[in-house]
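**Q** Sequence:
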Amino acid sequence: MKSDSSFVRFWGLTVKDCLSRLGSSEEGLSRSEAEARLSRFGSNRLSHQKESTDLGLFVSQFKSPIILLLFFASVLSFLLRDSADGVVILSIVFLSGALGFWQERGAMHAVQKLLAIVQVRTTVLRDSEPTEVPVEDVVPGDILILNAGDIIPADSLIISSRDLFVNEASLTGETFPVEKSAKVLSETSALSERNNSLWMGTHVISGQARAVSVKTGKDTEFGKISDRLKLRPMETEFEIGIRKFGFFLLHVTLLLVIAIFVVNVFLHKPVLESFLFSLALAVGLTPQLLPAIISVNLSHGAKRMAENRVIVKRLAAIENFGNMNVICSDKTGTLTEGNVKLRSALNVYGEEENDVAWNAFLNASFETGFVNAIDQSIRTDLNFDLSGYEKTDEIPYDFLRKRLSIAVAHNGSHRMVTKGALINILEVCGFVSSPDGSRVAIDSLKERILQTYERLGKEGNRVLGVAVKELGAVSKIEKSEEENMVFLGFLSFYDPPKINVEKTVQDLKNLGVSLKVITGDNRYVATNLCHKLGFENPNILCGPDLEEISNEALVQRVNEVDVFAEIEPNSKERIVIALKKGGNVVGYLGDGINDVAALHSADVGISVDGAVDVAKNAADLVLLEKNLAVLVEGVKQGRKTFANTLKYVFMATSANFGNMFSMAGISLFLPFLPLLPKQILLINFLTDFPEMTIATDRVDEEMISSPKRWDIAAIRKFMVVFGMISSFFDYLTFGVLYWFLKVGNDQFRTGWFLESIVSASMIVLIIRTRNSFFRSIPGRPLFWATIGIGCFTVLLPYTPIAGLFELVPLPANVLLILLGIVTIYATTAEIAKKLFYRKVRI
Numbered sequence: 001m002k003s004d005s006s007f008v009r010f011w012g013l014t015v016k017d018c019l020s021r022l023g024s025s026e027e028g029l030s031r032s033e034a035e036a037r038l039s040r041f042g043s044n045r046l047s048h049q050k051e052s053t054d055l056g057l058f059v060s061q062f063k064s065p066i067i068l069l070l071f072f073a074s075v076l077s078f079l080l081r082d083s084a085d086g087v088v089i090l091s092i093v094f095l096s097g098a099l100g101f102w103q104e105r106g107a108m109h110a111v112q113k114l115l116a117i118v119q120v121r122t123t124v125l126r127d128s129e130p131t132e133v134p135v136e137d138v139v140p141g142d143i144l145i146l147n148a149g150d151i152i153p154a155d156s157l158i159i160s161s162r163d164l165f166v167n168e169a170s171l172t173g174e175t176f177p178v179e180k181s182a183k184v185l186s187e188t189s190a191l192s193e194r195n196n197s198l199w200m201g202t203h204v205i206s207g208q209a210r211a212v213s214v215k216t217g218k219d220t221e222f223g224k225i226s227d228r229l230k231l232r233p234m235e236t237e238f239e240i241g242i243r244k245f246g247f248f249l250l251h252v253t254l255l256l257v258i259a260i261f262v263v264n265v266f267l268h269k270p271v272l273e274s275f276l277f278s279l280a281l282a283v284g285l286t287p288q289l290l291p292a293i294i295s296v297n298l299s300h301g302a303k304r305m306a307e308n309r310v311i312v313k314r315l316a317a318i319e320n321f322g323n324m325n326v327i328c329s330d331k332t333g334t335l336t337e338g339n340v341k342l343r344s345a346l347n348v349y350g351e352e353e354n355d356v357a358w359n360a361f362l363n364a365s366f367e368t369g370f371v372n373a374i375d376q377s378i379r380t381d382l383n384f385d386l387s388g389y390e391k392t393d394e395i396p397y398d399f400l401r402k403r404l405s406i407a408v409a410h411n412g413s414h415r416m417v418t419k420g421a422l423i424n425i426l427e428v429c430g431f432v433s434s435p436d437g438s439r440v441a442i443d444s445l446k447e448r449i450l451q452t453y454e455r456l457g458k459e460g461n462r463v464l465g466v467a468v469k470e471l472g473a474v475s476k477i478e479k480s481e482e483e484n485m486v487f488l489g490f491l492s493f494y495d496p497p498k499i500n501v502e503k504t505v506q507d508l509k510n511l512g513v514s515l516k517v518i519t520g521d522n523r524y525v526a527t528n529l530c531h532k533l534g535f536e537n538p539n540i541l542c543g544p545d546l547e548e549i550s551n552e553a554l555v556q557r558v559n560e561v562d563v564f565a566e567i568e569p570n571s572k573e574r575i576v577i578a579l580k581k582g583g584n585v586v587g588y589l590g591d592g593i594n595d596v597a598a599l600h601s602a603d604v605g606i607s608v609d610g611a612v613d614v615a616k617n618a619a620d621l622v623l624l625e626k627n628l629a630v631l632v633e634g635v636k637q638g639r640k641t642f643a644n645t646l647k648y649v650f651m652a653t654s655a656n657f658g659n660m661f662s663m664a665g666i667s668l669f670l671p672f673l674p675l676l677p678k679q680i681l682l683i684n685f686l687t688d689f690p691e692m693t694i695a696t697d698r699v700d701e702e703m704i705s706s707p708k709r710w711d712i713a714a715i716r717k718f719m720v721v722f723g724m725i726s727s728f729f730d731y732l733t734f735g736v737l738y739w740f741l742k743v744g745n746d747q748f749r750t751g752w753f754l755e756s757i758v759s760a761s762m763i764v765l766i767i768r769t770r771n772s773f774f775r776s777i778p779g780r781p782l783f784w785a786t787i788g789i790g791c792f793t794v795l796l797p798y799t800p801i802a803g804l805f806e807l808v809p810l811p812a813n814v815l816l817i818l819l820g821i822v823t824i825y826a827t828t829a830e831i832a833k834k835l836f837y838r839k840v841r842i
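Terminal number for the sequence shown in UniProt numbering: 842, no gaps in between.
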């Protein structure tokens, strides 16, 4: 293959010349050659960032500036004084990092396996055989086979096409689909004029094509734009909250470190020991495992959601999924069975008419647009002989005309058959076909037609119109031909509601999630369905009325509407945006080409595994089954994930803040450090163990029954309230040990070490629930990890390794007093929890 410079203006090359320069052919590449090119050019991604490796993930556990300073200080202690302390401190830091690495690695691998299930793939020729490969594996020289709904995976030159229309809005901003075909253009053609070329990031609206991939990844036009713009997904509400909370903790930590270090030096305590003490306090205050805990919680939630047939593509979306309070959905296949059946083919007088069925079959059999249930039903439910009929041209369906026209030739005569939404068909008809074969002006029967349309709709039928027009000997038709047509009659289709869909809608309502149905069907069909869904008096807003409402007025009204009927595709995004501006967390479920904009705009874009590639690619979550019942369980799992993540934030920040505030304060009054740096780090390490199991914890029903939002102010209040309670009992422990029992330095540190870890373990079991500690049973891993760490801590001073941490055995009376303090602390925290949740809603 020649250098990339040979393809700067590939649209000016012939197909033969382009294939020659690429070292390819119309039969495609061999598998071995494709693998070699993939190794040479890299994955077909806009970003060539390397996959996260185990080594990189392990190293990332130690990138915190505080951890790096701790490393520096430990090395300094090696050089200046006690090498044993340096070894212990470095060992604890290493073990903490290993714990985070082990958790994140498992989470990362689990998510990668789930993503592989819904990987977007494309069809290429390999060894002359059509082969599905991941989009990332497309290489220059691949022959692409494209159909309606497919994402175009690379900048390509068309080899052959049939009725090919492509949406290039993401690249050119052009709203309407662009027709494409194989030809040779001038090298100076502007991007919008290169109709023989296909561009990465765009997608096929209708028709078929074969094309040769010329440029992939960052070398594509879309790659150049994305590189300049540095595009990245919008942060979710939870991500924003975590980031803000991180900054808050950083400010507190920096102030604490500087203040404690300065004061301890002022009090003539050893500089190095004071520095290590300050850094250890900073590590203790910072929930350094928060990224790992969040990753573990999200991946655990993703695995649980996968068990309920929901695949998470973007982990951060789980939080929004749980917080979602509005779900927008289409009708067909979601609320209904999706098995559309042709019920009748009627003439204008409401009588069964074979000619209507025959022309509908002609239209459906020859169309080459995207696969849809209507045409599949016509082809399956009708059976006519097409011998002697030849398709000469097609005007593909689009979402503005809402019509599909096919030109056919038979025995020298030419006819255009048009099928589509009834109102849109009537717009282009000037006549009506009578049973005797004569033509009547449509105005005389229009009222009757609309009455039949309304009657069929109220019966729950979706209604299309069929029209014909005799043509001269033409090989190509234009949209302008769609006028003065003859209206033949109606096609009525029925798609029954899913079994138990009414219960599913009620289950969502019980979870605080309201359903908004957005459909292109008419108001009569929508009303019929709503009654079957359990809506007593559904509030319906129709497309024409929607167009008359300003964006500001829509925001005020949108929450009251149950069903949006007769909706144009470009209005779906407008409805979603209005709902978001109205203060909702909005999910959108869609699987079609015309759902892409709404999927991008929603807080949670949801698609299905059988969706067109462009819709699946735009979604945050993919359902393996198009069923709202699947969403019910998914929402519950999303809320459990959010609740368990929030538990860790509560546990880590309140306990850490209280403990570190206590040590910082008491260190100003004691002639010695209340805890050694290595003891502080060991406390932080041991208390992390129970919290690592939080992803498997049970979640109380009230945390699932309604959407919850990230509230940084409430979390700050929680941290301060429970941190101060923790700190009060810490000072009580200090006073008892130092002034009442008058223990020595080592016994003081050991006593406070034991009280700190045991109380932190107890508080985990209390803070994890809003209910009484005895009413809400924790998950087994959390319970046994908590009990295990508590027992290990009590026994540690009596083991051979106690000397490494300068811990000593304590007399029985000291242990009993510490046990009493912990018991009173747990009781106080239980009472404070009830009072706190009465005043603060989270």
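Note that these hints are calculated values from the structure, not bench results.
Any given hint might turn out to be false.
What the hints assert, rightly or not - In silico DMTMM-like links for lysine to aspartate or glutamate, alpha-carbon gap of 25 angstroms or less:
#1 Lys-458 <-> Glu-427
#2 Lys-498 <-> Asp-545
#3 Lys-476 <-> Glu-625
#4 Lys-446 <-> Glu-568
#5 Lys-581 <-> Glu-568
#6 Lys-636 <-> Asp-711
#7 Lys-503 <-> Glu-568
#8 Lys-580 <-> Glu-548
#9 Lys-458 <-> Glu-568
#10 Lys-498 <-> Glu-548
#11 Lys-391 <-> Glu-179
#12 Lys-218 <-> Glu-132
#13 Lys-580 <-> Glu-633
#14 Lys-479 <-> Glu-390
#15 Lys-402 <-> Asp-436
#16 Lys-636 <-> Asp-609
#17 Lys-636 <-> Glu-625
#18 Lys-532 <-> Asp-562
#19 Lys-183 <-> Glu-427
#20 Lys-341 <-> Asp-711
#21 Lys-476 <-> Asp-609
#22 Lys-509 <-> Glu-633
#23 Lys-742 <-> Glu-701
All values reported here derive from a predicted model rather than from experimental measurement.
**Q** Does each hint hold? Answer for all of them.
**A** Comparing the hints with the structure gives:
Of the supplied pair hints, the one linking Lys-458 and Glu-427 holds, its CA atoms being roughly 22 angstroms apart against a limit of 25 angstroms. In summary, the hint linking Lys-498 to Asp-545 is not supported, as the alpha carbons are separated by about 29 angstroms, beyond the 25 angstroms threshold. Our distance criterion of 25 angstroms between C-alpha atoms is broken by Lys-476 and Glu-625, whose separation comes to about 41 angstroms. Straight-line distance between C-alpha atoms of Lys-446 and Glu-568 comes to about 23 angstroms, which keeps the hinted pair within the 25 angstroms bound.
Of the pairs offered as hints, the one joining Lys-581 and Glu-568 holds, with about 21 angstroms between alpha carbons and a cut-off of 25 angstroms not exceeded. Distance check on the hinted pair: Lys-636 and Asp-711 sit about 20 angstroms apart at the alpha-carbon level, within 25 angstroms; holds. Only pairs whose Cα atoms come within 25 angstroms are accepted, and Lys-503 paired with Glu-568 is rejected, the gap being roughly 29 angstroms. Distance check on the hinted pair: Lys-580 and Glu-548 sit about 20 angstroms apart at the alpha-carbon level, within 25 angstroms; holds.
With a C-alpha separation of about 21 angstroms, the suggested pair Lys-458 and Glu-568 falls inside the 25 angstroms cut-off, and the hint holds. With a C-alpha separation of about 34 angstroms, the suggested pair Lys-498 and Glu-548 falls outside the 25 angstroms cut-off, and the hint is violated. With a C-alpha separation of about 19 angstroms, the suggested pairing of Lys-391 with Glu-179 holds against the 25 angstroms cut-off. Using a Cα cut-off of 25 angstroms, the hinted pair Lys-218 and Glu-132 holds, with the two alpha carbons roughly 22 angstroms apart.
Taken as a hint, the Lys-580 and Glu-633 pair is honoured in the structure, with Cα atoms around 23 angstroms apart against an allowance of 25 angstroms. Taking the CA atoms of Lys-479 and Glu-390, the gap is near 20 angstroms; set against the 25 angstroms cutoff, the hint holds. This hinted pair does not check out: Lys-402 and Asp-436 have alpha carbons roughly 29 angstroms apart, beyond 25 angstroms. For the given pair, Lys-636 sits about 21 angstroms from Asp-609 by alpha-carbon distance, which is consistent with the 25 angstroms threshold.
The hinted pair formed by Lys-636 and Glu-625 meets the criterion: a straight-line CA distance of about 17 angstroms does not exceed 25 angstroms. For the suggested pair Lys-532 and Asp-562, the alpha carbons sit about 14 angstroms apart, so the restraint of at most 25 angstroms is met. The suggested pairing of Lys-183 with Glu-427 is violated, with an alpha-carbon distance near 35 angstroms, which exceeds 25 angstroms. For the hint pairing Lys-341 with Asp-711, the CA-to-CA distance comes to about 49 angstroms; that exceeds 25 angstroms, so the pair is violated.
About 37 angstroms separates the Cα atoms of Lys-476 and Asp-609, which puts this hinted pair outside 25 angstroms; it is violated. Proximity of Lys-509 to Glu-633 is assessed by CA-CA distance (about 13 angstroms); at most 25 angstroms being required, the pair is judged to hold. Proximity of Lys-742 to Glu-701 is assessed by CA-CA distance (about 48 angstroms); at most 25 angstroms being required, the pair is judged violated.
Hint check: violations occur at hints 2, 3, 7, 10, 15, 19, 20, 21 and 23; the rest are consistent with the structure.
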